[in-house]
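Residue numbers (this note's numbering): -18 to 82.
You may find that some hints are simply not true.
Pair ranges (Cβ atoms, derived) [to be verified]: (1) Gln(-1) / Lys55: 21 to 27 Å; (2) Asp58 / Gly(-6): 29 to 35 Å; (3) Thr82 / Glu4: 15 to 21 Å.
BS3-like cross-link-like pairs, simulated, lysine-lysine; straight-line CA separation at most 27 Å [claimed, not checked]: (4) Lys55 / Lys76; (5) Lys18 / Lys70; (6) Lys62 / Lys76; (7) Lys18 / Lys55; (8) Lys18 / Lys(-11); (9) Lys18 / Lys72.
Quick caveat, the hints were computed from the structure, so don't treat them as lab data. Note that beta-carbon positions come from the ideal geometry of N, C-alpha and C, so glycine has one too.
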Amino acid sequence: MEVTIHIKRGTQGRQYYQSYRVEVENPNITVLDLLFKVRGIDGSLSFRYACRMGVCGACAMVINGVPRLACTVKLSDLGTKEIFVEPIKGKNIIKDLVTDT
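Construct the complete structure from the given sequences, taking the supplied hints into account.
Have a look at this one:
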């Protein structure tokens, strides 16, 4: 299945959405796994992750308007093939999805 992900990119004050179409074989992959696929297409994409088990909070971001951990949200749970991802609100943006924690 093909998924379109719209990622809010840039730095504080200079942000824009960039869209990617990604072929996904398994709808049960997480949004974090999808971001790794995008980084395979565009190596300049920045995001944080650490434990990949929903414990540390490093991959916190806004996914389709809801603050969530990217490592715990499966594409099949979202119920759409169009995904919007942006940095967590209320934090200074360092680059792309990386915020000052």
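Check each numbered hint against the structure and report the violated ones by number, ascending.
3
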